[in-house]
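Asker: Residue numbers (numbering that gives the first Met the number 0), protein chains in the order written: chain A, 0 to 444; chain B, 0 to 221; chain C, 0 to 421; chain D, 0 to 172; chain E, 0 to 427.
Partial list, derived from the structure: chain C residues whose beta carbon lies under 10 Å from chain E: (1) 110; (2) 219; (3) 300; (4) 314.
In silico negatives: residues of chain C with every beta carbon more than 12 Å from chain A: (5) 97; (6) 141; (7) 289; (8) 342; (9) 348.
If you are wondering where the hints come from, they were derived from the structure by calculation, not from laboratory data.
Ideal Cβ placement from N, Cα and C applies to all residues, glycine included.
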Amino acid sequence: MYDIVNGLINTTFGWNWPGWVIALISHLLVTTLLFAIAPFQMLFLTYYERRAIARMQDRIGPNRVGPAGLLQPIADGVKMFTKEDIVPAAADRWVHFLAPCVVVAPTMLMFAVLPWGPGMVPVDLNVGLLFFFAISSISAVGLLMAGLASSNKFALLGAMRAVAQMVSYEIPAVLSLLAVVMLTGTLSIVQLIEAQAGLFISSADVPGVPDLGLGWFIFTPVGLLAFIVFFIAALAEGERTPFDIPEADSEIVAGYMTEYSGMKFGLFYLAQYVLNFLLCAIAAVIFFGGWQGPGVGWLYDRAISPANPDGNWVFNLLAGFLGVFYLLAKTYAFFFVMVWLRGAFPRLRVDQLMDFGWKFLIPLTLVNIVSAAIWVALLRWGPEQGITFTQNWTPILRWGVAFAVTLAVNIVAYIALARIFAASQAEQGRIDLDEYRDTLTATLR
Amino acid sequence: MATVIQIIFGLIAALIVGAAVMVVTVRNVIHAALWLIACFFGVGALYLLLEAEFLAVVQVLVYVGAISILILFAIMLTRQVTGEGVRQLVGGWRLWLTAAISALLFAVAIVPTVISHSWNVPAPPAPPGTPEPLAGVAELGRAFVYEFLLQFQVAGVLLTVALIGAIVIAFEERARRRRVLTLAEEHELRKRLAHPPPVEAPAGEPAPAPRATPISEGEVQQ
Amino acid sequence: MNTGKLAFPMPLPAGVGTPSAPGGLEGQTSQEKPVRISVRRSRVDGCSTKDPAMFKTEELQINIGPQHPSTHGVFRMLVTVDGETIIDLKPVFGYLHRNHEQIAEQNTYLQNMPYTDRLDYFNSMANNQAYAMAVEKLAGIEVPERAEYIRVLMVELTRILNHAGALGFLINDMGMWQTQLAFGMREREKILDLFEMASGARMMCNYFRFGGVVRDLPPEFMPKLKELLVAMPAFVDELERLLRENEILMQRAEGIGILPKELALAYSVTGPVLRGSGVPYDIRKAEPYSVYDRFDFDVPVGSVGDVYDRFLVRIEEMRQSKRIIEQIVEQLPDARGGHINPRARQNVRPPVGDAYARIESPKGELGFYLVSDGSPRPYRYKVRAPSFINLTPLGDMCRGYKVADVVVILGSIDIVMGEVDR
Amino acid sequence: MPRLSPEELRERMARDLPGAVLEATPLRVAPPPAHGPQPAPFVTSDTVVAAGQIVEAALYLRDTLGYAFLSDIAVVDYLADGIFELVYRFYTIEGGDGLVLKVRVPRETPEVPSLTPYWPGANLHEREAFDLFGIVFTDHPYLRRIYMWDEFEGWPMRKDFPKQGDKYIGAEE
Amino acid sequence: MTVKIERGQIVTVERGKRTARRLPGMGLLDGMAVVWKHWAGSFRKNQGFNDIHGVFTYEYPEERPKLPEAYRNMPILLYDDETSHELCTSCFQCERICPPQVIHMTQAKDPATGKPVPAVAEFVIEYDACMSCGFCAEVCPFDAIKMDHEFELSTADHQKLTVFKEQLNRPISYYERIAPTMWAEVRDGAMKKLQGNIKRRPDVIGMAPNLAEKIAARRRELEAAAAAATAPAAPAAAPAEGRKLTPEEKAAKLAAIKAANAAKKAGDTVEPPVAPAGAAPADEKAARLAAIRAKNAARKGEAPDAPPVVAGEPAGEAPPADEKAARLAAIRAKNAARKAAEGSDGAPVEANVAATEPAAAPPAAGAATSAAEAATAPADEKAARLAAIRAKNAARKAAGGGSDAAAPTTTGNVDSGGPGASDDAALS
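Could you build the full structure based on these sequences and the hints that come with them?
Answerer: Structure below.
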């Protein structure tokens, strides 16, 4: 964006504005664009979800407002805006007011590091991935504020559940990403995407693989397991079924949102759906190559880029469109999976949720990190790191061996941990009456 | 550019100081915690201003995302949440003592830094080729495993020990907690109290308890 | 008979025998506290904490209902929780109370028939049958064979639709976003279409009369019914495939809300709740009424008595009901008599006396007790409502489980507030 | 175990529980009309048990005869005779007809021993009877109104409860 | 002791994993497969009863379900297309059997002789309280009342749900269209009975009032016949039903009907205060008068400069409070009268009925009239209420006195045991 604005102002018009003004203008433009896109995503996702889940239940879904019900979210928004804004008398007014803002702001900030297409990233932070998750953890503060300020038991319970869940599931999410970070050795999201060129085998791992933009991490055992864990954790962070416990309407009416109405309620919804979108997008970016796909790399090679300053801008446009298309297609596909899960699963209980996160997912991700280390050792390390036996292997053989070993490790770990987890769950509810016989007898009598 | 940064720095500093003042003056503990979060945020922004992105992000991740949540949880779990509670601070000379000790500790940390630092404003331009000071992720990581290995390991062990200790305390706590028997467990217990089971009763299988009267026994046994 | 024999035969002294006091107002504590047991007190005494009260969690009273999404109507549960564990639960009724029995005593016998529809508005046909049977018993009216077949057909269809709906609501309470409910409702709609064809109304059927049913089945009824019987196994199989081995559902349902076999009978529960606890008591078999003695069908029972067992028992009962309907379709053409006894007067004026008739309604034993004083209005009209009595063990069943389990346990009992509050 | 008819039940109970079985006096049910045909008196074939011994009788049914399932407790207000009749209905899970115990208590002092300590399932039945008829079940652990609110006065299912008007909307309504 | 059952067995349901799957998570995948199948199948319509896939939504306003013949929603009254005579003969069967008691009717009277005619003068059904049980249609011996298939009755105007004869009337052809076989079963008998009834209906009584031109034509015909016969000109009192009624009139009519019924139940012991002017029984007329006057008084109190209601003006003009007040008054009067009737039957004296002292009270209806006239308080509803209370008290007193005084002489209603007996008679 800086390049475009710079080219437009200083080259085309020849105004020679200083660099920081250009930067300010371009950043403002990008921010405005993102702020326009984010609510649109939310509106579209609500419609998309309702239509998709209706189809799963043999219904049609919203189909009255606009063609095929497309304007339904607009109508809902209008309804939200025109509703009365009720603040409970016992509420902590300022905190109650600030909470939705604190929830929405970080989700918006997360857009800052999300690459949309080749060369289309608002900020290429070298700690982008970390930034993404650091910022996402802030919204927990907002949820807690909402729960505390509402002075409602259900809201408090919901907020506690929500925060506990978000904090707990951040760990497996980050740990699973850590495995991928180990594979590439970078935290920059742009570089993560660029490492996923290739055809089922990343061209970073095996040089000479044709680049069709399909060297996604999902095709490695480490990436597959990391993706599964990350997606489950994303479900929990985005409060989606089967982890939508903070707003389990059958238990604690609407959780932390119970005492909110009107547009404040709408803001919570906005934050939630934008967060879901972002989580799907980041899953697509990290494990499915983001904008990578057949053709994008080829197009971008011929476009104007820092590496290739005298390319053709038409290819810029084409690569951008194709990249955004790939990214959005993957994102919406993941969101469809979220909706699909919502249609197919009941929700877990809150203690089962915690157990699942701490006793199953985190050990699994730890094993996965070990796998990632094996992978890196087999593929990258040489005699200088002390690995000598792979010296004479061809790259494809090294890749194959690494694939087989990590696959075996992961499958064995999955099955073993699942067994252990199931056994511990079964054991948990049991009380050994004989052991406590004397104590219990005293209390019963 | 420098002026802009100066202005931004001034704003952030004002935010930090203002928030810190609010933390110690505001009467509602929850509000105090929220002001503290604002303070953390300002510090993170300050790091960002220093182009220490990693530190800034870690500040947000650790302090805002974790520590403040911990504080809020602690407040929520230990006091009457809904009421505007009176702050439970020590008063009188104890208060002053506490303040003095805190100030002293802070001075111990800050004074050497202040004294030892060469306050060149602006900083001299670094000669090209020198690596960035501990700001980059890679440098930080390398420093942890080479220069500060011992400290890093000690801190890691300490944290692990603390974690294990917390688990132990929680387990003790859980075991100590009042447990409510479910209907089935209570029934089972009463059965066993009335009729001690044979020594080798298979676990999970209710012990065959003889019942007092013929009818109930037969009808449910089928 | 010595006093020792007066104790409950099962080991059931004070704590269970005097249940933890359902109902009542806030702040009212029952005389019998639920059992709370401190385990391993000695181990921590010298340990980490000096002040034992420091870690004591607070007991919190939560009102679930009367306006709560998953209380199946206006029903309130006063829940005392310790953390997330329930230590006491008191159901509070009466928000839908309209004194149905008093209304019925002001009406003539026939006028009560549409009012029975409104008791358990899911199963109006079953309510009609119980009431019609009671009046027929009281007034000595005979029912032709064909009418009995039609009645049984309708009640078995009702059972299928009730279980389809109840399982859907149960799963919905577990948080599965209405998918199973939508599937169940789809099957229910088909059955309601059949009801509409026969009786003219979908839910408030008002189809039964003393001595038969109001009109014969229309000619297009049987083909549609046969079509439905084709779809029914597919529906049940799909339900099983969707949910039966679903790990999340098993986690939510297994071992939750156990009502032990020995206690189920003492708590007077009936229907799938009783059978889920493993007691094979089905009035259709125990005291065959109407023409139930002519059909082959099994009685499914559970083994543990938890939510999962009740879930499975309901699924199996749908299959058995389908079996009965298939036999009805075979036997109906041979049945003699019209749809109603032509000599039965609808404005009955039964002789002085009393009568009790009960049926196995989809929710349990539904009984009507009528006392006649010789006038055209019942002198006493009492409904033995299965949903109401099945709520008796709710408070005890929920004790010791988590808050989130309450809605599941309640959903597995399958209540309809129109019948609970009457 | 052979199923019992009411007559056999009376016989056996008279033998095993002396004094528990009372003679079933015919009831008038309704006040006799001034004109027209007089309704017949209500003669029940079921076993009428003394109010004080209902617990023993019920336990006899359960423990000795095997009728362990308490299905229903109904109350009938025989205003003309000045009594309440409680109808207890017992079944066995082996099937077949149930047995009925009837208890008659005077309308002025309707007190019956509670079955709830022995059948937890009697709890809601008895509370309903208390709420709607004002039958006091002694030894009931939690005898409170169940349908009506606690401050409600009167027993809405009694035959002499006013059918129109109450203290909230006034007799005019 | 084992429980044995016949023709079947006791099966213990099988818990948990049935198949030999050991891989955890397969149950979840199974569930997802089922949902996927539904999603994939949802791009076609549901095929019918034996299909469990496909969209089964009715897109309602455009796509309407086909209602079966037996479908019942709300009762309607039938009239004959050819003669435009109504089938109803006001036999009161439906009114008696109606469980929520929402059917009210008055029988038509021959204006010349004052004798009742087998036709209905006014017929009111309160749709808002109707429970669609269909008893009225079942019990009707003339097949005049049938259940409609129209179900879109929702309205913002509650008053519209009190439905009068004009709106209830449907031609037989309409019913034949919605329920051909059910009509075919009863057609012959119904038409035969109708022919018999038409013969006993003078003038235009019994013709559907919403067919104004038919009535006019019939009247011309009758006049022509009368002129031809040079008979004395019949008093061609235009029946009220001939024109469109204003809401006030409707309300008054309803009140009158209710009051009349109530008075009838109270027994024939009430003496009319004013000389009977017409052929109607005195008490009924007096009650109607009372209701109308009460309403008038209420209106007067409410707004002296209320716009004069023009006949035929749409319903929106009239202040609804008046109707409500009048209606309330009528209902209360009715209740009171019924209570009084019960008291006179010798039923146990109820706790709140204090009217046991026999007094030479002014007759009920007269009291009501005077009370209503006196009540000119500004609050219209209050006035009406007051009037109603007074009327009720008077009625109660009158009934008490009447039963005391006239117990030996009255034979009809009081002896036969009150409302119950009459119901019974109707049913049999």
